[in-house]
Each structure stands twice: as C-alpha cells, then as structure tokens.
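Read off the chains here:
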Amino acid sequence: MSLNDAAAPGIPSRGTSNLADGEWHRLHPATPLLKGGVALIAITGIVIANLRERLVELFFGVPSYGGDPIDEIYNRGAVGWALLVILGVLLIVMVGFYLSWRMHSFRVTEEAVEVRSGILFRTNRKARLDRIQGVNIDRPLLPRIFGAAKLEVGVAGQDANVQLAYLGSSHTDALRRDILRLASGMRQSAAAPTGGAATAATGTAAAATAELAPGTVSADGTAAGQEPHTSGAHGLAASAGALITQRANEFLAPELDPDAAPPESVVHIPPLRLIASIAASGFTLVLIALVVAVPIALANQQYWIIFGFVPALIGGASYYINRFTKGLRYTIAGTADGVRVGFGLLSTSNETIPPGRIHAIAVTQPLLWRPFGWWTIRINTAGHSQQNGQNASNTTVLPVGRIDDVERVLALLLPESGLLPAGTGFTALAPGAVPVEPPAPTAEAPTELSNVLSAERSAELPAELPSADDAAIPSLIERGLVSKGGADGFTNSPRRAAWLRPFSWRRTGFALTENTVLLRHGVVARELALVPFARMQSVGATQGPIQRRLRLGSVHLHTVAGPVSARLTTIDHTVAAELFETLGAGAVASGANDTSHRWGSRQDAQ
Amino acid sequence: MTHDAQDAGSRDTEHTETNNAEVREPRMHELPTSPAPEADAAQRLDLGDPAAWHRVSPKYLVVEIIGTVIGGLLFCAGAAAVWILGDQQWALWVLIGIATVFIVTLTVEPRRVRSIGYQLRADDLLFRRGIMFQRFVSVPYGRMQLVDITRSPVARALGLAELKFVTAAAATGVIIPGLPMDEAEALRDRLVALAESRRAGL
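First to last, the sequence lines map onto chains A and B. Reading the first sequence from the start, the letters are residues 1 to 606 in this note's numbering. Reading the second sequence from the start, the letters are residues 1 to 202 in this note's numbering.
These are computed hints drawn from the structure, not numbers from a lab. In this text, a Cβ means the ideal position worked out from N, Cα and C, and glycines have one as well. Don't take every hint at face value.
To be verified - With beta-carbon atoms standing in for the labels, derived distance ranges:
#	chain 1	residue 1	chain 2	residue 2	range
1	A	Gly157	B	Gly71	33 to 41 Å
2	A	Arg495	B	Val154	47 to 55 Å
3	B	Gln89	A	Trp304	33 to 41 Å
4	A	Leu298	B	Ser152	54 to 62 Å
5	B	Ser152	A	Asn124	35 to 43 Å
6	A	Leu40	B	Val154	56 to 64 Å
7	B	Gly130	A	Leu40	56 to 64 Å
8	B	Ala186	A	Gln158	28 to 36 Å
9	A	Ala561	B	Gly97	35 to 43 Å
Same shape as in the complex, but just chain B:
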C-alpha cells in the first residue's frame, strides 16, 4: 500500500487546478491494465487525457473493504449456521465458496477503487469507473440539475463524502465516492459555478 500513502500525500493539493493534475504521476491509465498490459491495453476503452484523472482518496478503500467484509461475514454466518446448527454437510462447501468469492473481491478492491476517477474538462465532467466492466460518462456542466453530497457512517469516520451529479436523465449515474469532505464541497461549488456559467435548458 505504499502507492496509497503516496497518493494520500498528493491528495492534499487543490484538485481544481489542472496544473497539479498534470504534475501528479499518471498512474491511472497504467494500473488497471496490469495483468496483460500490451495485449489488453489495445482492446481497452481509453478515453480522456490519461494524465488528468483525479482519483478518489485511497482511504475510500477502507470503506469498500469494510462493506465487503461485513457483507461477506453475514453470508458466511448464514452458511455456517446451516452447517453447524442444521448439521448439513453441503453448507460447508457453500461457506467455502462464499468465502473465496469475497476474498477474491477483496484482492481486486484496491484496483477497483483506483479505477474510479474524474476529470474536469473545459465543458464537461468526465467520469470513469470499473476494470472488468468499464464505464465512462461525459456530462456537460450545463446539464446539471443538482449536486448531492452524502456521507455514510464509515466514510464519515474517515472524513470522506460521496458526490452525486444529477441530470434530467436517470441513466447518467455519475456518483463520485471517496472524496475528502473539503474536496467534495469545493468540487460541488466548482460544479455549481460551472453549471451556472454554461446554463443549458433541459
């Protein structure tokens, strides 16, 4: 997790200045492609300026891990209850299966979190997430209907917040999780100001 510590350091800088974004080392585009870099990169969708991605706080990884662990423990407890209390042998295999799935999920978690990113371009917000199922969304600022900031209990304990950019289309679904609270608020104000200057109709 040395990468994450390094990233946390760079997080302290003001995100809205594009200069800083360029200075920051372009890890984003190379990381998700790690298993088979050459063959895979050619087939992969790669949009936006690779150097300009703002990533979410590495602390968000903790939120994700806690969520996954809680979910995994609940499922495992259910299977274990059937195995021990119900005396059903097959439940052991289910338990092992569930545990394997969640452990694999946990190992992929850091990469999934690092794959979340956003760029503030001249006229639109570019958002990406996902490694296996990649998703890019470009939203013109003027299409903004409202910006939501929500904080879950764990995220609040870590000082993180989730920013949701809502347009008239439900399918837009731009939710940027794991932003430090002050950064989320700054980003919200920035987006509102940008939307105001580029106001478009519905």
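Chain A extracted, bound-state conformation:
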C-alpha cells in the first residue's frame, strides 16, 4: 500500500494548493494506521510473543513442548473456526479503517475550515477563518517517517481546535499557506504571484509523488481510484528510489520552508546552552536536595524514602528529556502571516501565530539563569491544543536566549509596538507584518484624563524611545529586564511599598508605549510582562486593607488564560487609578481600531 498523497486530486494546481479549493477532500489513506500506530505495534508484539515458540519451530525445526494457544486450537480440531474468526476480525478492522477514512473529509472554503467524520456518530466541525488563532503542523516520529503530518487549526476555546490528521507532508505546508492566506482576508488576485511561486517550489518536490501515486479523489468527493496504480514494473524501482530520497529530504529539511519565511531563524540556540539551561532549572535544586536527603535518610534507616525517590527520579528524567527534545532544532522567524515557531528533533512541531493573536508576553529569568544572562519567553494565546499535556510547550516561544535574542523575538511578536525600531533584530520582515496603522486614538484618548501619567508618558517616551538606536543607552526592553529601578522610564512603586515587597519594590513598575503596556517586577526571579492594548479583555483595580494603609493599589490586566499573569500589586493608589483609566481607554481605542482578525486586508486597502 502506498502511503502517498491519495488525497490529492488529479487536477494540477493553479496557483493555490489544491486542497483549499472549497471542495471536500479526504485525508491520507494511511491515517487509521498512523493514528493507531502504537496500538498496532503493541498488538503485533503480543501476537509475536505468544507465537514465539511456534515461529522458532517453524523456522528452525526445534520441536515445541506444547501448551501455547495454537496447539490447543489444533488439538481441539478447531482450526477452521479459528481461521474464520481471524478472517472475520481482519475484515471488520479493514472495513472499519476504510469506512473511517472514507467518512472523514474536510474542506477549506473562503469562510471556514470544515471537517466531518465518524461512522456511526457523525460530527461536523467548522472553524471560521477570521477566528483562527494559529495553525500548527505536528509531525510525530512514526507519521513523519511515512511522510505524513498533522495540521491543526487553532481556534479560541477549550478543545475547539480543528485537526486534520494525517495529510501528506508536502501538501500540509501548502495547505497551511492557503489557510493563512484565506484567513488573512487577502484577495486571491493579490496573493496569486506569491502563492504561485510558492506552489512551484513544493510542486517540484511533489512531482515524484504525484507520478507514483495518482490515487485520485474527484471533485464531488467520491473516490475515483482507490488502488494506486503504478505505470508498470520497470518504473517502480526508479520511483521507489525517488520516493526514498524525497522522504529523506523531507526528514532532514528545515522546519521553516524557505519560500514562506526568511531563510534564517532569528535565534539560534546552541545545544550546549540548551542543556545548561535545563540543568540550571529550579527542578534540579529539588533533585539535588533529594540526592542529599536520600543517603542521610538511609543512614538513619528510613527506607520508606526510596518509595518517594524513585518516582521523582523517573519523573525528573522524563521532564529533562521532554524539555531537551522540545528545545532542539528550535527556530523562530517572521512570515507574512505571523510568527512561525518550530522545534523538535524526532517529532517536530511548527506553529504559525498570525498577527494579533498574542494576548500577553512574559520574559522571565529564574535565579539560576542570571549568571548566564538567559531569559525565556512565554505567551498567552487563545487557542491551544490541550491534549497530551502539550499545552506547556506551545506557550514557550523562546526556551532560552540572551537579551539580544529576546529583543529579536519581541520584535517579531510585537511588530507594531514601537518598542524596537525595525531593523535592530530581524532583517527582512515580510510585507504583511509591516506596521501600517499606528492607532492614533490610543494616544489621544487618555489626554482628556489629563493626568500625571500621560504627562510622564509624553515627557519620557518620545525622548527615550529613539535612543534605542543608540547602543550606549539600553532599550526600554532591556531596562525593563535588567534595570534595578530608579528613573529609567518606568513608573515604579513608592518607597512605602517596601513593606509589601521588601526586595523588589524598586523594580516593580510599569511603562506605556502607544499600544503596549510593560509591567516589570521581581528581583529574585525577574519578569517583564508585555500586553498589547488591543488584546486586553478588561482591567481590574483592587485594594485591600494593608494596601489602603500604605496608600497603594493593584492593577490587573485581564487577558485570556495562560502562563502570563499581568498584574502589579504595589503601585501608588493615585497612579493605580490613573493607570486603570488609561488602560481602559487604551483598550477601547485599540480594540476598535484592531483589524488583525483579517490581517492581510490592510495591504489590500493600500
């Protein structure tokens, strides 16, 4: 059985990938096998283990000493029945596989991605394209070997994602590009040149495949040819060779396809740094404590501690391995359709986050990383796959990096923030990500409040922002990350906040740009949180009795759920009130001007 792209219609592409033409398509025919891959291997293993002696006897003529299930069946003269049962089960499984593949189809229209599946219980899921939060391509090891990939369209909501598992690897990239293009709201004509060039690149790669396996699905969704027919035996050997080289190329290819992204990832993580950063995590401290505690406990005849230690060790090992494999081959680059983050060595994952889908960003530095100057970046997004606990990995955008890496990544994540002048971090950002619309009302809305804050802002920001060009003066980001406090462009907590934050009060503060809030706090574990005004859901201000005595207040920026919590707990209460109003007005103004749900349409307008 050929594992090739049977989902591909016979009609050659005309500038777009042929899977996104609004018709119903089927998935990769090997999908049931790949989905149940592990179970299949397990069942085979059990069968082989049970028949081991039988097989040994069969091949080497060693007589068996009886007692296995097959002898039993043979002795009872039930061979015919047994064969019938096996045949029946096989038939049912095959029919089930075939039907589940047959009934599982998807289509991509101008409006939505739609999937229908199920044999007895039909489900039909439709995700509106302008609500897409991200497109993720997963290539687990086994499907990857067979040249298949899983495409996941992330939509806001718990377990609301639309999964297309599995598709032919080369089609997956093309399909993602088309989904993103359709979602961006760019008109077909505008996209045609790039789309055409892009498909040409993958088209050549897919040529060998298309020749080998033209198992076609006609436009109305019925299968025209189930059996992939080859063009004669003589061509088979050559095609097989081409197929293998193509598989190898796909396997080794960089995760960022060169036609859709700048060739280089803006951050490169040396494996050594990755290992060291994982080793210097807080979990290691726990492990060391355990390693010290265990011999002491054993010396005191406290043997029960073993029962706690062994599971911890196993958990620790899997944690380290998980962190390591997820951080390997890490890439991040800006494309016309958003930031693309890829990682993974054997099983790879590659997520595209369109502009305006990042709700909050946190740059943090655990204490142990400080000597090395390393930081990690995590984000809140509305759509995440919750399965297999992989959620955690998707929220980490930069596993470990230095400050300049952080600035480059932030420039990709917040292209319109005005925090970093274009050209500092990344070179050629695709045209879609160029800041087009500075949200003017944001700047003007708070002016009617005429408060201390906006006075401070106007005094500080214009003077200090351009200075980011100057290498001598650290950028606002860098000040937010490493500054010890003081007059550094951030509005910090007053001295009396030391009652509540004895160490970090100097550093606990905020800064505002035209459309982004920066909150910084923490002196042991430093953190800088950035929230775009346009993504803020609401703003809260609270004050408890102790804060009231100290004339302090808290401000909390409510965003979608995630690892980032944007709140400041110890700022002057009048400043907190001003900040509350400013943020509220800013959120309204930016939210009204926000067009990022159709990010491509802005280019059309020009």
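Given chain A, work out where chain B should sit, using these hints.
Below, chain B without anything else, positioned relative to chain A:
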C-alpha cells in the same frame, strides 16, 4: 433601613438613562467610607464618576442575609451538636466564636451590598464591589462574549436576578447581583446592543 426604602423608590426609574443617574443622590461614594471619612477617603481607590453609580436593589440585602444566616446556622448547629451530644466544653467557645463572626458579617452586610455598583460609560462597563477589599473592573463593551442571567430561589422570590458579563478572560469576573428582573433583562439587551455596535475581536 430608611435609606433602602428610599433607594427602592428610585430603583423604579429607567436605569439606562444617565440623566436619572445624575439626579439620584450620590450616596455611593460617601457610604463605604463612613468610619473614618477624611483619613480613609484619601487612601481609598475611587474610580469613575461618583454620581453615576447604579446600585443594586436593596432587596438584594435580604438574599445576602438569608444566605449568611443559613450558613451561620449550619455551622452553629454543627458546633452545638458537638457541644451537647458530644459533651465537649470547648465546642461552646467555638459556637460563640462562629456566632460572633456571622453576626459581625451581618452588620457589615448592608454596606457590602451598597458597595456593589456599576456604570455604563461611553465605551466600557465599570463595575465595583467590596469595602475592605475593593475591586473595580472596566470592561470595554466590545469584549463581551456573552451575558448570563441567573436567578437563585431566594432571589427569584424577591424578583431579583444576577447578571454575569463574560469575556474571553476568566479573571474579568463581572457579576452584578440583585438586579430586578426587568432591569436585568433591559441591561442585558442594552449590553448586547452596545457590544454589537462596538464589536472587537478576541
């Protein structure tokens, strides 16, 4: 409770008209600060237009009191059972302690209920509650994902309802209790209309 009766009268007017809100006497901002008005007011967070707060129905106080009393009685019954049936002397002190806490809670209850308020501003909904732990939330109308109206048995008996404004952020937590049913429905329709006219993305 003369204040409450007066308030109930003003409740009958249409809440959505800001003019009425201005006409209504601005009690909201002065009441929570009653113990030490001058010193405390300066340290207190005071957001929004003090005159524009819509308060919840004073009848909501009954709902709160009934809830507190039921809770208090349950706890007291537990302690009393230990004291009488279990013949444990210390349980008497626990009983007294619990009773004191709940009685104090009951005395603060009117102020807590009066501290709940909301304002419909030009572009956002401003919500507040709490005296000791003050909480203000500002939600742009366009961020609305859905509006829930729920009614507990006691509130239903009093003709009250609870309105919940849900955004994509779980932390928003804007729940306006103690609205008269027709007012809750009017407010819901108003909020939906406002959200529709100011639709924003996620």
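Hints versus structure:
Our hint of 33 to 41 Å for glycine 157(A) and glycine 71(B) holds, since their Cβ atoms are close to 35 Å apart. In this structure, arginine 495(A) and valine 154(B) meet the distance hint of 47 to 55 Å, their C-beta atoms being roughly 48 Å apart. As the Cβ distance of glutamine 89(B) to tryptophan 304(A) is approximately 39 Å, the hint placing it in 33 to 41 Å holds. Distance hint for leucine 298(A) and serine 152(B): a CB-CB separation of about 58 Å, consistent with the stated range 54 to 62 Å.
Evaluation of the 35 to 43 Å hint for serine 152(B) and asparagine 124(A) yields a pass: the beta carbon distance comes to about 37 Å. Checking the proposed 56 to 64 Å range against leucine 40(A) and valine 154(B) shows it holds: the Cβ atoms sit about 58 Å from each other. Glycine 130(B) and leucine 40(A) have their C-beta atoms about 58 Å apart, which keeps the hinted 56 to 64 Å range intact. For alanine 186(B) and glutamine 158(A), the hinted distance range of 28 to 36 Å is satisfied, since their beta carbons lie about 32 Å from each other.
Separation of alanine 561(A) from glycine 97(B) is about 38 Å and conforms to the stated range, judged on CB atoms against 35 to 43 Å.
In this structure, none of the earlier numbered hints is contradicted; all agree with it.
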